[in-house]
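Protein chains in written order, with the numbering used here: chain A, 1 to 293; chain B, 1 to 332.
Warning: the hint list may mix true and false statements.
[Stated by the list, open to error] Computed, partial: chain B to chain A, Cβ under 10 Å:
(1) Gln55
(2) Pro95
(3) Thr132
(4) Pro153
(5) Glu209
[Said to hold, decoys possible] Restraint-style ranges between C-beta atoms, simulated for each label pair:
(6) A:Gly211 - B:Phe276: 29 to 39 Å
(7) A:Gly79 - B:Lys234: 54 to 64 Å
(8) A:Gly79 - B:Asp151: 29 to 39 Å
(9) A:Asn155 - B:Lys227: 43 to 53 Å
(10) A:Lys64 - B:Leu257: 17 to 27 Å
(11) A:Asp246 - B:Ser49: 44 to 54 Å
(12) A:Leu293 - B:Leu257: 51 to 61 Å
(13) A:Asn155 - B:Asp274: 46 to 56 Å
In short, the hints are calculated from the structure, not lab data. Every residue, glycine too, gets a C-beta built ideally from N, C-alpha and C.
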Amino acid sequence: MMQTKDVANEIRKHTARWTIRANGGYLAQACGSAEILSTLFNDVLDLGKSTGPFMPSEFIGVPKPGAPGTRGESWLGNGPDLLVISPAHYATAMYSALVATGRMDEQALIKCSKDGQLLEMIGAEHSPGMVVSSGSLATALSVCVGRAIARQKLNKPGFIWVFLSDGELQEGATWEALQLAKAMKLSNLKIVIDNNGMQVDGQMNNVMPLGAIEDKLRAFGCEVYDIDGHNLEEINLACKSALQDDSLSVILARTKPWTGFSFLLDRWENNKLHFIRLTEIEKEILTKELAVL
Amino acid sequence: MKEVVSKPFAQALKSHGSANEKLVVVTNDLTASCEADLFAQSFPDRHISAGMAEQALIATLSGLSDEGLYPLYPSFAVFATRRPYEQIALTIAYPAKKVRLFGFLPGLTTPGGVTHQAIDDLGLMTQLPNMTVLEAADATDMSTILDAIKDIPGPIYARGLRGEVPKLFKEPLIVGQSRDIFPGEQVVVLATGSMVEIAFNEVETLRNEFPELGLICINTLKPFGDKNLFERLKKAKIVITYENHLISSGLAKAVALYLAQNPGPKLMPIGIADTFTHGGTQDYLFNFYGIGKRSLINAIYKAFGKSSVNVESNNDFNKSEILLNKSVAEGL
Numbered sequence: 001m002m003q004t005k006d007v008a009n010e011i012r013k014h015t016a017r018w019t020i021r022a023n024g025g026y027l028a029q030a031c032g033s034a035e036i037l038s039t040l041f042n043d044v045l046d047l048g049k050s051t052g053p054f055m056p057s058e059f060i061g062v063p064k065p066g067a068p069g070t071r072g073e074s075w076l077g078n079g080p081d082l083l084v085i086s087p088a089h090y091a092t093a094m095y096s097a098l099v100a101t102g103r104m105d106e107q108a109l110i111k112c113s114k115d116g117q118l119l120e121m122i123g124a125e126h127s128p129g130m131v132v133s134s135g136s137l138a139t140a141l142s143v144c145v146g147r148a149i150a151r152q153k154l155n156k157p158g159f160i161w162v163f164l165s166d167g168e169l170q171e172g173a174t175w176e177a178l179q180l181a182k183a184m185k186l187s188n189l190k191i192v193i194d195n196n197g198m199q200v201d202g203q204m205n206n207v208m209p210l211g212a213i214e215d216k217l218r219a220f221g222c223e224v225y226d227i228d229g230h231n232l233e234e235i236n237l238a239c240k241s242a243l244q245d246d247s248l249s250v251i252l253a254r255t256k257p258w259t260g261f262s263f264l265l266d267r268w269e270n271n272k273l274h275f276i277r278l279t280e281i282e283k284e285i286l287t288k289e290l291a292v293l
Numbered sequence: 001m002k003e004v005v006s007k008p009f010a011q012a013l014k015s016h017g018s019a020n021e022k023l024v025v026v027t028n029d030l031t032a033s034c035e036a037d038l039f040a041q042s043f044p045d046r047h048i049s050a051g052m053a054e055q056a057l058i059a060t061l062s063g064l065s066d067e068g069l070y071p072l073y074p075s076f077a078v079f080a081t082r083r084p085y086e087q088i089a090l091t092i093a094y095p096a097k098k099v100r101l102f103g104f105l106p107g108l109t110t111p112g113g114v115t116h117q118a119i120d121d122l123g124l125m126t127q128l129p130n131m132t133v134l135e136a137a138d139a140t141d142m143s144t145i146l147d148a149i150k151d152i153p154g155p156i157y158a159r160g161l162r163g164e165v166p167k168l169f170k171e172p173l174i175v176g177q178s179r180d181i182f183p184g185e186q187v188v189v190l191a192t193g194s195m196v197e198i199a200f201n202e203v204e205t206l207r208n209e210f211p212e213l214g215l216i217c218i219n220t221l222k223p224f225g226d227k228n229l230f231e232r233l234k235k236a237k238i239v240i241t242y243e244n245h246l247i248s249s250g251l252a253k254a255v256a257l258y259l260a261q262n263p264g265p266k267l268m269p270i271g272i273a274d275t276f277t278h279g280g281t282q283d284y285l286f287n288f289y290g291i292g293k294r295s296l297i298n299a300i301y302k303a304f305g306k307s308s309v310n311v312e313s314n315n316d317f318n319k320s321e322i323l324l325n326k327s328v329a330e331g332l
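Work out the full structure, taking the sequences as your base and the hints as a guide.
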């Protein structure tokens, strides 16, 4: 098993290669969340063994009544815990994590990201590692509230971990979900927020400031862990502590989505970090820095 | 005078709850209004009060279904469909979850006005792939619909009736099957939901004058049609659709799409034209928007080539005091 810091590195590398190959990708999302995802996979969740094929099959079709089709959830494993990525723009980061943790063939990143294959850029529920088709943001948390309520009622073991992006806190549906989760006293639902401060138009403070997120979350009754989202030890400790909480826990991970590659900071400052279509110069820098990462 | 049953859905939901321990009912602050109070009292552990938060509520139903429960959400049709439309599309219809949505206050049946009148719910739900769409027309439908849908995979939207509901039928509702009420072949009225009772009475009377006048109740809007219905359409010269919904996206649309591909009778649609609506008593609104019994009678006369016996006008209608519905929880 790869060490957690190496898994984080691999997430950055695989996503960087994807971005170069496709000449575009959600690189900053992977760079901001690499430590969070690697810790969740390696040190926190009891995911069990993947039940999805190591080399994913082709896309067979959208779900039909009684025929759900390929389930991205299979690659997460048959263990009691579940990891749900809410912002589906993080799909490449998830695919990279699956490769780094031995759940999917590295070749799938190339072979299965074409037409008729499962690894879509904005993941859907047939995409490996994706549980909900949540490309329209602030959808997956409510689905997970439902799953957590059902597990509570059916006395099923395990924790449901939801990975949220801070942009989703602009959506009212997120707060509706937190309200319900609190009312239902869900202790089997844990939330990690990637607080990277960016959205499509640029820095959130300029687009739609969120203000004191931690205070808002506490006002909704959440136990909040305000941590550095790149510090493996802090992430691990907060997660372990959250598992002991008998109420709704939220880990607010402050991240720097430019972490790993030097040109990303310029893009942050120029409000062009959400989607990376590389310039020739950026491509050179990325290729060079990738070689020594 | 036809038999009237008080709150048939409340009883049905309770007995269904006894038969199926996986049934969970999720409500948005309209528990008694949507006749889920008896269920909630009988099975408090299986009632979830989600408050007025329909976006999260809908996606929650999807999650409940993922883990093996059988979730049902009864609400006013506008809050069951229009407000949380995207969540229904992406978390229920797309993944084809076995979730049941029930919408009450169909069309113009409430003084609640535009915010409470579901004139587009059937359109919104039928256009979603994977969705089965039903509309109940009487107390028997409301008593039997839960049994009728229990084994159907995928999501279902059903428009329902509450409070004092007329009983028109003896046989249980069957998904995918229309109900033959009167056999006349030349002019066939297809009616849905609360309009079936009106059509029943008017067609019964007019059959003395026009023995070739028939009536069919459409319970299943999607998938549309069955063998018997298609046979009847083939033989008819004129088909009149009669619905408490926008013509452009309800029953008339479904029939028009069918007839465009299977040419036969001429279509005369009666329903809400391309307009929003306002609040008032049902008789007043039916008259104002031209979907009352006089519109139906006129259409039938016209279909048989006779001039209308009475012309509907806003001016000759006695605008009455708005009487609040005493048979439901909140008067709407």
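Going down the list of hints, with the structure as the test:
1. Gln55: Holds - the Cβ of glutamine 55 of chain B comes within 10 Å of chain A, reaching about 4 Å at its closest.
2. Pro95: Holds, about 5 Å.
3. Thr132: With a closest approach of 8 Å, the threonine 132 of chain B hint holds.
4. Pro153: 4 Å, holds
5. Glu209: 45 Å, violated
6. A:Gly211 - B:Phe276: 29 to 39 Å: 37 Å, holds
7. A:Gly79 - B:Lys234: 54 to 64 Å: Taking Cβ atoms as reference, glycine 79 of chain A and lysine 234 of chain B lie about 58 Å apart, which means the hint holds.
8. A:Gly79 - B:Asp151: 29 to 39 Å: The hinted range 29 to 39 Å holds for glycine 79 of chain A and aspartate 151 of chain B, with Cβ atoms some 32 Å apart.
9. A:Asn155 - B:Lys227: 43 to 53 Å: Between asparagine 155 of chain A and lysine 227 of chain B, where Cβ atoms are some 47 Å apart, the hint holds.
10. A:Lys64 - B:Leu257: 17 to 27 Å: 21 Å, holds
11. A:Asp246 - B:Ser49: 44 to 54 Å: 21 Å, violated
12. A:Leu293 - B:Leu257: 51 to 61 Å: 57 Å, holds
13. A:Asn155 - B:Asp274: 46 to 56 Å: 52 Å, holds
Of the numbered hints listed earlier, those contradicted by the structure are 5 and 11.
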